[in-house]
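**Student:** Spelled out from the first residue to the last, the chains are:
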Amino acid sequence: MKNRIKEFRARFNLTQDELAQKVGVRRETIVFLEKNKYNPSLLLAYKLARVFSVPIEELFLFEEN
Amino acid sequence: MKKTILAFFVAGMVLLTTGFWFLSSGEKSPSEWVQFGVIGLIIAFGVFFAFRRLSSARRGEPQEDERSKNVMLKTAALSYYISLYWWVFLLFIKDRIAYDTEVLIGSGILGMAVAFAISWLYFQFRGGHEESN
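Taken in order, these protein sequences are the chains called C and V. For the first sequence, the working numbering gives the first residue as 1, with consecutive numbering after it. For the second sequence, the working numbering gives the first residue as 1001, with consecutive numbering after it.
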């Protein structure tokens, strides 16, 4: 699962700390998400999509292997 | 914050007890130096763990979130599994090598702590691709 969190974060001019606070996680979780090293829960995915005001499938790109 | 204080307290108690043991043991054998080294590493891990939580609290972050809970869950499962094998190994060698019971039990507990620390580091820095686990 790839995501565009880094791209959207830059577009919204947010730091990793600020985004982490907005969705209620630790900064390192945002770091791992941006590196595609962690797949979030559905709840966190929805929170992230809500921060960027985009549908969840625009933020997370499903790739079938 | 309670867990952070508890982590510092436990690390402090272990350090204090090991310090007394170190000072009262006199001439040290190579195996004792290894034990002190391993205990030192475990104390360092505990202090690192507590400082991480403390710095999160200072930044206003949650000290635990879904990823850290996930890491802890996997760490607990893996280290339990490793610990079972470690105790079986100790039971296997106890009849072959003459060790005192307290040394064997101490090695068992130290091994469990080391297994936990290594498992945590593994899951913490490996990431966590949920679908591949």
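The hints are simulated quantities; they were obtained by calculation from the structure and are not laboratory data. In this text, a Cβ means the ideal position worked out from N, Cα and C, and glycines have one as well. Some clues are possibly wrong.
In silico DSS-like cross-links for lysine-lysine, where the CA-CA straight-line distance does not exceed 30 Å [as the list claims (entries may be wrong)]: (1) C/K35 x V/K1069; (2) V/K1028 x C/K47; (3) C/K37 x V/K1094; (4) C/K22 x C/K37; (5) C/K47 x V/K1003; (6) V/K1003 x V/K1094; (7) V/K1074 x C/K47; (8) C/K22 x C/K35; (9) C/K47 x C/K37; (10) C/K35 x V/K1028; (11) C/K37 x C/K2; (12) C/K22 x C/K6; (13) C/K47 x C/K22; (14) C/K37 x V/K1069; (15) V/K1028 x C/K22; (16) C/K22 x V/K1002; (17) C/K2 x C/K22; (18) V/K1074 x C/K37; (19) V/K1074 x C/K6; (20) V/K1074 x C/K2; (21) V/K1094 x C/K47; (22) V/K1074 x V/K1002; (23) C/K22 x V/K1094; (24) V/K1069 x C/K6.
Label pairs and their in silico Cβ distance ranges [claimed, not checked]: (25) V/V1010 x C/T15: 31 to 41 Å; (26) V/T1018 x C/K37: 53 to 63 Å; (27) C/L61 x V/P1062: 22 to 32 Å; (28) V/A1044 x C/F62: 49 to 59 Å; (29) V/L1073 x C/E63: 20 to 30 Å; (30) C/V54 x V/A1077: 50 to 60 Å.
**Student:** Take the hints in turn and mark each one as holding or not.
**Tutor:** To see whether the hints hold, each was checked on the structure:
1. C/K35 x V/K1069: holds (19 Å)
2. V/K1028 x C/K47: violated (57 Å)
3. C/K37 x V/K1094: At roughly 42 Å apart (the allowed maximum being 30 Å), V/K1094 and C/K37 break the hint.
4. C/K22 x C/K37: Holds: C/K22 and C/K37 sit about 20 Å apart, inside 30 Å.
5. C/K47 x V/K1003: holds (27 Å)
6. V/K1003 x V/K1094: Violated, at roughly 36 Å.
7. V/K1074 x C/K47: holds (24 Å)
8. C/K22 x C/K35: Judged against 30 Å, a Cα distance of about 19 Å means the pair holds.
9. C/K47 x C/K37: holds (18 Å)
10. C/K35 x V/K1028: violated (47 Å)
11. C/K37 x C/K2: Roughly 9 Å separates the two Cα atoms, so the pair holds.
12. C/K22 x C/K6: holds (15 Å)
13. C/K47 x C/K22: holds (8 Å)
14. C/K37 x V/K1069: Holds, because 16 Å separates the two Cα atoms, which is no more than 30 Å.
15. V/K1028 x C/K22: With a Cα-Cα distance of about 54 Å, the restraint between V/K1028 and C/K22 is violated, given a limit of 30 Å.
16. C/K22 x V/K1002: holds (24 Å)
17. C/K2 x C/K22: holds (21 Å)
18. V/K1074 x C/K37: Roughly 16 Å separates the two Cα atoms, so the pair holds.
19. V/K1074 x C/K6: Within the cut-off at roughly 27 Å; holds.
20. V/K1074 x C/K2: holds (23 Å)
21. V/K1094 x C/K47: Violated, because 54 Å separates the two Cα atoms, which is more than 30 Å.
22. V/K1074 x V/K1002: holds (22 Å)
23. C/K22 x V/K1094: Distance ~55 Å between C/K22 and V/K1094 Cα, so the pair is violated.
24. V/K1069 x C/K6: Roughly 23 Å between the alpha carbons, so the hint for V/K1069 and C/K6 holds.
25. V/V1010 x C/T15: 31 to 41 Å: Given range 31 to 41 Å: holds, Cβ gap about 34 Å.
26. V/T1018 x C/K37: 53 to 63 Å: violated (36 Å)
27. C/L61 x V/P1062: 22 to 32 Å: About 27 Å separates the Cβ atoms of C/L61 and V/P1062, which means 22 to 32 Å holds.
28. V/A1044 x C/F62: 49 to 59 Å: violated (41 Å)
29. V/L1073 x C/E63: 20 to 30 Å: holds (26 Å)
30. C/V54 x V/A1077: 50 to 60 Å: Violated - the Cβ-Cβ distance for C/V54 and V/A1077, about 35 Å, lies outside 50 to 60 Å.
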